[in-house]
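Trainee: Residue numbers (the numbering used here), protein chains in the order written: chain E, 17 to 265; chain D, 17 to 265.
Hints are computed from structural coordinates only; laboratory data are not their basis.
Mixed in with the good hints, there may be bad ones.
The list treats identical chains as one, so a pair stands whether inside a single copy or across any two.
What the hints assert, rightly or not - Here are the simulated lysine to any residue pairs, SDA-like style, with alpha carbons at most 20 Å apart:
1) 194 x 159
2) 252 x 97
3) 123 x 161
4) 116 x 81
5) 123 x 166
6) 63 x 194
7) 234 x 161
8) 123 x 112
9) 116 x 162
10) 116 x 79
11) 123 x 164
12) 186 x 161
13) 123 x 160
14) 234 x 188
15) 186 x 66
16) 222 x 252
17) 63 x 112
18) 194 x 160
19) 123 x 163
20) 63 x 197
21) 234 x 199
Protein chains: 2
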Amino acid sequence: MAVTLYHWWGSTCSRKARTALAEKGVDWDSVHIDLHQFENWAPWYVKIHPNGVVPAMDHDGRIIIESNAILEYIDETFDGPELKPVNTWERANMRVWMDKSEHVLHKNMHLISHNNHHAHRWGEYAAKHGQEALMEKVRSQPDLQRRSDEIHNSDGISDEVVAFAVERVKDQMSMIEKDLERAPWITGDTFSLADIAVLPFVDRFKANGYGEEISEAKRPRLAEWFARIQERPSVKEAYSFMDPDLEAC
Amino acid sequence: MAVTLYHWWGSTCSRKARTALAEKGVDWDSVHIDLHQFENWAPWYVKIHPNGVVPAMDHDGRIIIESNAILEYIDETFDGPELKPVNTWERANMRVWMDKSEHVLHKNMHLISHNNHHAHRWGEYAAKHGQEALMEKVRSQPDLQRRSDEIHNSDGISDEVVAFAVERVKDQMSMIEKDLERAPWITGDTFSLADIAVLPFVDRFKANGYGEEISEAKRPRLAEWFARIQERPSVKEAYSFMDPDLEAC
Chain E
17 MAVTLYHWWG STCSRKARTA LAEKGVDWDS VHIDLHQFEN WAPWYVKIHP
67 NGVVPAMDHD GRIIIESNAI LEYIDETFDG PELKPVNTWE RANMRVWMDK
117 SEHVLHKNMH LISHNNHHAH RWGEYAAKHG QEALMEKVRS QPDLQRRSDE
167 IHNSDGISDE VVAFAVERVK DQMSMIEKDL ERAPWITGDT FSLADIAVLP
217 FVDRFKANGY GEEISEAKRP RLAEWFARIQ ERPSVKEAYS FMDPDLEAC
Chain D
17 MAVTLYHWWG STCSRKARTA LAEKGVDWDS VHIDLHQFEN WAPWYVKIHP
67 NGVVPAMDHD GRIIIESNAI LEYIDETFDG PELKPVNTWE RANMRVWMDK
117 SEHVLHKNMH LISHNNHHAH RWGEYAAKHG QEALMEKVRS QPDLQRRSDE
167 IHNSDGISDE VVAFAVERVK DQMSMIEKDL ERAPWITGDT FSLADIAVLP
217 FVDRFKANGY GEEISEAKRP RLAEWFARIQ ERPSVKEAYS FMDPDLEAC
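Please construct the entire structure, taking both the sequences and the accompanying hints into account.
Mentor: Printed below as a string of structure tokens:
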């Protein structure tokens, strides 16, 4: 049995996959994809992941893509603790949160991070290689929806759009706070894929300067959950994976 | 055991839920939500589904929302044929298609249907009740992202946006065609939730005038799959559910 993860050290969805692999105790080989150099859009990688995003997982020659599908695959395929509740109603809530992690939290966090991080990264590349080289890279993004969105956002995102995105993430933080009234984990007494799926975005919201939104004063259950989940060995392992290129310097 | 489905006869996601219920042989009570009268945004319904969309399912007093989570719930909770493959790699592909049914197919089909159907429906309401009454309804949409999108689109969608959406759906049709090279169903030899999830959008693409895209001449495997799946009793039952208000006339 051989597992290879194609991922980037700081990517939210890569962290989801690494956390689940660590929970199950799966050994895996790392292929680090340098998003700063747009390696995710290189032809060799697009053969693995047709949308040119990370992560992708190779298990004995079969490729699995999309972080939520990867999480369910890891849980269903490998030994180790079950990462979903026994109760099917709790499982339904788990899947609603997994879906929102991608299509509400990730989507809006991408907008929140854009001006400070993504645009900055693009600017660095253009400063080094020229604007035309940058745009050539952008046009190599294989997913036409993402390409269109990226080109649309390439001059920066308005304060109004960012503010709207921040409000949408705050809504979700309040919903997590409410769900944690019932039990210690998001969908009940079982630590589940839902906790793994939303964590990177709680973490990233804080990294973007919104730590107050997950403070004890504002959302005490979310704050306690956030402190507690970071004590799990799987989370420590998944989030401490550092850029191997930096280590080599 | 009591199951109640809150749904609309013609809604794509309601059809997903009804097909899965029929496959499993589950008896259910119908609460028909009249989207033309914006009943989905009525306070009593928003207590059931906080986003004000259909379907929602009540099983013994517990509410399950989001069509993909409902599909998995139906499969995991009720007796009857298993609607997912045994092989976990095929299951991962099933979940990728379920995700795309919602976030690629549904999203783009909504844009394609807008000018001909949604805008028309809004216009009818405004003609009858006045523009201010319509906008009051729109502002009662509880999901702020959807509300913002609807207001943005309320004057109609440009030809350019529609053309882009049509191309995105065509991409997906080609991907289904390619997956059907392997086996008779989308993710393999097992009829699965993936087939149930994409069907309403293949059907709706045809209803929007793009039947040629699923013709034998253009995509023979998709055309054969589309003809074959419509012979299933579950599909006949789910898609023949008609507007009870019309029947009463």
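Trainee: Now tell me if each hint is right for this structure.
Mentor: The hints, checked one at a time:
no., hint, in the structure
1, 194 x 159, "between (36 Å within a copy, 17 Å between copies)"
2, 252 x 97, "within (17 Å within a copy, 41 Å between copies)"
3, 123 x 161, "both (13 Å within a copy, 12 Å between copies)"
4, 116 x 81, "both (17 Å within a copy, 12 Å between copies)"
5, 123 x 166, "both (12 Å within a copy, 18 Å between copies)"
6, 63 x 194, "between (42 Å within a copy, 15 Å between copies)"
7, 234 x 161, "neither (37 Å within a copy, 23 Å between copies)"
8, 123 x 112, "both (15 Å within a copy, 17 Å between copies)"
9, 116 x 162, "both (18 Å within a copy, 14 Å between copies)"
10, 116 x 79, "between (24 Å within a copy, 17 Å between copies)"
11, 123 x 164, "both (15 Å within a copy, 15 Å between copies)"
12, 186 x 161, "between (26 Å within a copy, 13 Å between copies)"
13, 123 x 160, "both (16 Å within a copy, 15 Å between copies)"
14, 234 x 188, "within (14 Å within a copy, 43 Å between copies)"
15, 186 x 66, "between (32 Å within a copy, 16 Å between copies)"
16, 222 x 252, "within (17 Å within a copy, 50 Å between copies)"
17, 63 x 112, "between (30 Å within a copy, 17 Å between copies)"
18, 194 x 160, "between (37 Å within a copy, 19 Å between copies)"
19, 123 x 163, "both (15 Å within a copy, 17 Å between copies)"
20, 63 x 197, "between (45 Å within a copy, 18 Å between copies)"
21, 234 x 199, "within (19 Å within a copy, 53 Å between copies)"
Of the hints listed earlier, the one the structure fails to meet is number 7.
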